[in-house]
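Just so you know, the sequences run in chain order A and B.
Under our numbering, the residue at position 481 of the first sequence is numbered 481, and the numbers go up by one with no gaps.
Count along the second sequence starting at 1, add 1000, and that's the number in our numbering.
Simulated from the structure, these hints should not be mistaken for lab results.
Errors might be hidden in some of the hints.
[As the list claims (entries may be wrong)] Partial pick of chain A residues on the chain B-facing surface, computed with a CB cut under 7 Å:
1) Gly290
2) Ala291
3) Pro292
4) Glu295
5) Pro296
6) Arg297
7) Val299
8) Arg300
We treat Cβ as the ideally placed atom computed from N, Cα and C, and that holds for glycine.
Listed below, chain by chain, are the residues.
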Amino acid sequence: MSDRVVIVGGGHNGLVAAALLARSGRDVVLLEARPELGGLAATRELIPGHRVDAGSHDLGMFRRSVMEELDFGGHGLELIEAPAVAAVPATADSSAVVLWPEVARTVEGLGQVSRRDAAAWPGFVFELAERAAALEPLLSRPLELADMGRLLIAPELLRTLSSPLEESLRERFENPSLLAALCGVALPATGLGPRANGTGWPLLFHCALGGSDRLAPVVRARGGAGALASALAASAAASGAEIRTGAAVSRILVDSGRVAGVRLADGARIEAGAVISTATPSVTFLDLIGAPRLEPRFVRRLLNVKYRGAAARLALSLDGLPAFRGLERPALTGRIVLAEQPDDIERAADAAKYRRLPDRPWIEAALPTALDPSLAPAGRHLLLATVHHLPFNLEGGWDAGGPELLARAAAELERWAPGIGGLVREHAVLLPTDYEAEYGATAGALHHGEMNPSQSLWLRPTAAAWAGEPLPVAGLWLGGAGCHPGGGLTGLPGMIAAVSLLRG
Amino acid sequence: MARRAPQGTQAVQRALALLRSFTREAPEHRLSELAAAHGLHPSTAHRLLGVLEAEGLIGRSPESQAYRWLPGAPGTGDAGSSPRRNGLRPLEPLRTPFHRRTSALCESDAWRDWSGYTCVETYEPTPEREYWAVRNAAALIDVSPLFKYEIAGADAERLLDRVMTRDISKCRTGRVMYTSWCNEDGHLLQDGNVQRLSRERFLVSAAEPCLRWFEDCGWGMDVDVRDVSEEIGVLALQGPRARAIADAATAGIDFGAMRYFDLAAGEIGQGGGGGPVTVTRTGYTGDLGYEFWVAAERAEALWDALVDAGEDHGLLPAGLLALDMARTEAGLVLIDVDYVSAVDAEIEVLKVTPAEAGLGFTVKLGKSADFVGRRALELERDRGPAWAMVGLEVDWFELERLWSEIDLRPQVVGQPASREPTPVFAPGGWQVGQCTTRFFSPLLKKYIGLATVRGEAADPGTELDVEVAVGYGRRRARARVVERPFFNPPRKTAVDPTPGVNG
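For reference, chain B alone in the conformation it holds in the complex (with noise of 0.2 Å):
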């Protein structure tokens, strides 16, 4: 048979297939078992091997002609150590589902720790490109880290109806519920979503560990907490285009009757195929978005099927510095920076309850179940929340004023969210809070920031004086209190969305 070149991306897709099967745990295939592998006949495997071997990306063993693994060939299992950088990657760093794809891609080779995980910063200098591909087109965002538990059985909805501060019993199957949850203080522990995906299976996400919590209030309870965090990843699709390529990448979903955070279970690749995959409607950039869960093992082919339906509509992978911008204007608040968890207070006054937090929407007192925190959140109720989380407008005009100064223009354009906290007083007076993330607003125009501050100084319109950097001075500047979100599009939650239709 004559030989034939191999068509399109299809051939290189499973040349790079047959090359990952090699690792140093499994160095050494027969041609027949990778044929069998991957689902190729055995004259196409035989074929691409040979290409694989005469580029000297595998070997051959001499003894038996089995195909090798040949330490340190580039794009194989072993992934090779990146350059370790800011110090914050931990000796032993953990990689992503996703890993081989956004390292292959990440060419500032800015990364980041995010729970152990090696995560990509800025795939590209600098966020900006990844940042409008979340207003503008669509960004890829691998989002693994997040720490996942599956809860199970007949009391898995009484289980999170004790612990989370929303009725998740109304939470109904193919649904998703974003709530809080607390300590016996009505001290926020967290803040996460709940996909309800049969009657008696949930799926909970969540920044931190939490285990051990829901293992303590389920105690005697028929039902199964596991952590799940490493057997799926996470990949969000976040940005006007995103259902477009959604649909285009996945089969057996009807996006167009996919509500603001609904859950569907699809298959991978246009014509499926690819797997199963779980979509829910949700995203921490305010926008039009989709998250895709997918187990590990297929998270490679998932990531292929996105970046290829991506390919025609400005699809870019987008690291956490671009979602950070992204959530800031949608006034999302981000535990650790915005709040701290009750957990890692180290003073009883850093703790805070939802509704300080800007979380009070998800407490919900007047549902049946007794949740972790009820009594005291009900005492809260009637003395109302000492805090509030606001969003701030800084005076462009003052920052201008005080740049001027030392001879500058304000040095924040361009400038990834800063999460130094900083103090937040009343006009010309004492502090009554700190701004915890700012940044300036390459689509608003604005210098935004969130900021807690004391309950009185809440109302949107009052007018306060933030800290601001400008050079080696600390000055204030006069900021004032807007609802948040700060961006919020019609097609974030619309039905149906259709670019050009929704904004």
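So here's chain A without its partners, still in its complex pose (with noise of 0.2 Å):
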């Protein structure tokens, strides 16, 4: 048997993987289908002589144990920490909200639009870094039993990460412009309308991640995301791992219940004694194993995960910086949420679930180079527009769609920063189909499955274990997103497989 460890994608999680294993002297060579690495973390030039992140570029929940330990300041990546957090601007009917890191500067802006919710804001604040503390150890390793005794003594976190979002804040706070602005830290990507049940997790999931000193903090790499993954990749090389770009698998080899190794789209074929896949598991399982080759049951589950939460991405190449109204430059350099309240994404989430538009698609804005001038040309600025809660599944296909969502989103920036489409020079769409056919994302869902308690913690598969039962191939461990704890730039489900792969 091979003692090589082949790793399945290139995006930031098959990286840290193929880093920690290399790192820990084993043979490792990672197979990446596209040209660049990064996966939904890639930074591409779209638009020419710009630097669009294709995917996530927020790195406020990646490990710092793991930058430290694969020494990232060594091979170039430069972190950036956004002065926001998240910022609503203001409309004709509501008033603009500012997050900040600092809980004092952000009472002191609230106090503005509402004296009960600037009083309430310490103590919210405090207690989901509490609940979130709480939270931390679970999702950053594999999972064991006596971890479900940790959620059942905490009944107040159960019930946060089990409710409507827009419920528990309102036990707390009034202006629909804080509620608005606190949905959009947490469900981007999710598919889920804040009314949802189980909307607290992804909330949760963030502070957990983000540090329990700050609340979910925007954190940026200089260059673009796609600088972590090239950290990533000098930091493996120089450890010795093999990367190879444009090299697609078609295959993961079964013998006897064991993988063997990968075949690629070419035809090569590359003996492995283990595989970590960072495909989506219905990818792994049912395109590169094959349905036939598993059991039914195991079949009947790979179908049952729930991959909503598409997204489209809007790049566009402006001008000057945008007006969103009542919002001052240092407030854009977080996240943008484009809504007056909790409803205007639940309206979103409504019309995905008919497999419609929304009239007003909820559009998440980042202006990357509000803190990076570097990523576009002198005198251009870079808005990234994500239009989340999508139907990937939209009723009369995403080519007739395409344009009309393009429409409707533009309308809907409009809206909200008047004159930006006078601004607009150049611009880039990519659609949840080319999130499916680009980077693999089953049905466009760029966490590899639905991020909500139903699919989380003890039930999402694991790198080795999926629902109490081990993986069905042995040798094989899964890496990506769609296993724990979940997606997001965090790293952590390629460490946790990297560290169940040396455990054995």
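The task is to assemble the complex, starting from two chains supplied on their own in separate frames and drawing on the hints.
In structure tokens:
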């Protein structure tokens, strides 16, 4: 049996696994189908002269210990923490709200819109941090049975994660913009409206992995999220890992219930004693291994995984900074949540439920050039508008739906930043279908499987097991966002896969 | 042209067919349309419709002069409601494609729910004559409620070989294979028949639904699984006279050459022309017999052809009680009675492997395809099944003695098969299993039963005690383990079966 470990997928999780395993002296080959590394955290020149992040670009949840272990600094990664966490611009009917990492600064701003909310903010941040801290240990390693006890003795934590987010927030707050800002931190890429049960979970998830000292901070890599992949690749290569791009895996080879290696799309065969797949569980098992090799009940479990939470990315090259009402430049460095109230997000989710485009798409915007002007040519700004809560199986299909979505998104942006249309010089679009076709994100789900309590913790596949049973193929490990703890730029699924493999 | 009295049964059949065109959904028809639909000369259709109108069975629209359905008229498309019996029928009972035929003959009004379908339990007040028809003449049994799945596509054989414990790659076109299928733990899900219609097309018949199971097992394969249960009517023609009747009722099939578990396609009607029908030499009675698979819209034509052909052979329609008696003599197990499907087993100990349900012969561990449950069944092969399905023969003198204690003769003769499970004991000792079906066989003159017992109590000749109800008392009667089937006439499998030659 070969000692080689093959890693399928060069997203950040695959690269973390490759770097950690190579550092432990393993013979590692990482195979990435695309020409660039980074997967859903890649930076591409989608607009000439611009460094456009294709997916995630927020490193706020990335595990610091991994960064240190792999010497990111030495491999050229520079982090920039945004001064703002999240901001909701003002509209004709609503006021602007900005959440800052500093409690006092946020309280000061909130005082302008609601004295009650301003008074409630410090207590909220404290309790959230406390609950997040209780959750954090469960997210950074394979779960053990004893962990279930940790959850059960924390009834408030359980209640918060299983409740509709909006309800929990309304227990404290009244200002619609503030509620929308918090929903905007939690709900991107979930496909869930804030009235859905279990939407407390993604907020806790963000807070737990964002660090207990600040509320879900936004951290970016200089040069774009792709700089993370480059640093990881450099670290892995320095430890001897072989990293190949343009190498699409078409099959994970199984011999008498054990992985034997992989076959590439070009027919080449690579022997391996272990394979870490960072593809979605659906792609890994149904496509790369093949349903007929699996027990029917396992196939049924795979088919039951919900892959909602498709999104589209609209990248705009602007002639200047757009005029989001009521927000100063520092406030534009974090998440820009374009919702006047939680119901704006809920309505978008409603439309998706019925396979329709929302009348007013819900957009989470970012202005990466506000922090790092090097991403665009001089004088230009880059606006990344992510339209969340889209139905992958859109009625009428995306060929017709794409242009319509673009028109509605443009109208929505204009509503929030009047005159923005006149600033646009160039644009690029990634639709849900592009995310599936180009990145293997099943049904366009950026998190490789909906992030709700019913698909989290013990209920999400972990590196070597799922629902209490070992994975059906010996020597196969899962290391992508589809497994515990879930999506986002955390590095954790890759790390857990590497650690599990090393432990055997 | 002089009006001529219609001759024989043909006119009656035509008139009834016309009558059946009138339903609540399609109440009105024109003469030309009816004549064309039934292949009749307009004058013939006019004559027959005139009789139906004069008899008050159909009406006439005053405006258009078209013929009209009359609500409540007997025999028309509105089959009407029959009294609910035994509380088992669902609120909206389904009707098999033969329902109009079977309901017209069901004197006893004894109905039973079978997978949601209203089925005849016994046509006459007692099942005795129907039972004897199976053994001495021939019986016609509506078994349409079976679930039927068409498996088609390049990977059809691959899917079935993955699902079934038997080697489906060895099932040639024109053959039927009886098989089991199991879950991942080797626990029996069902037993049923696989018909190979062509290289890439099969029909699976089963007692319980299994569409989702086939779909899950076939995920990623080039195969189409379709539930055709409601599209196909099934009639079982069983008994020593079955061949002669089948021969006379169909065309295009060489029944002499048709072997046990063969399949053939033919036409309904002595000279054909009644539409296609598929015939399999299969059945659930352990006798010579055939099963006829027909598109639902031609079901009544098939029934009529078989009934006509059976007139000279003592053919009787038979209900489910007679079928149950016959299958017990044949030693054939019944799902939900003699074993519990792993799908329905509430607790682990109720689940059985094929071997434990007496179906070990359907498990082919030597086949090349990997099938669901294989590993578990290989382990079972090495360690031996924990349970065995056996035949029991209860000692008649002992039964007489027990009943004589309350001054009665054994009250078991003339009773249908009992499905109430009763315990089986080592003689004078602990329980070793349960008897799930038993009845007094009028043919064998023996009180027989099917029982699941511990492996060590399964050898033929082993003496066991079986609990019997004697009046209000529960007593133990001595029984002996015997080989199944209890009754196995040579005609069942004979080549070119001929009455009087093969028994």
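Just pull the numbers of the violated hints for me, sorted ascending.
none
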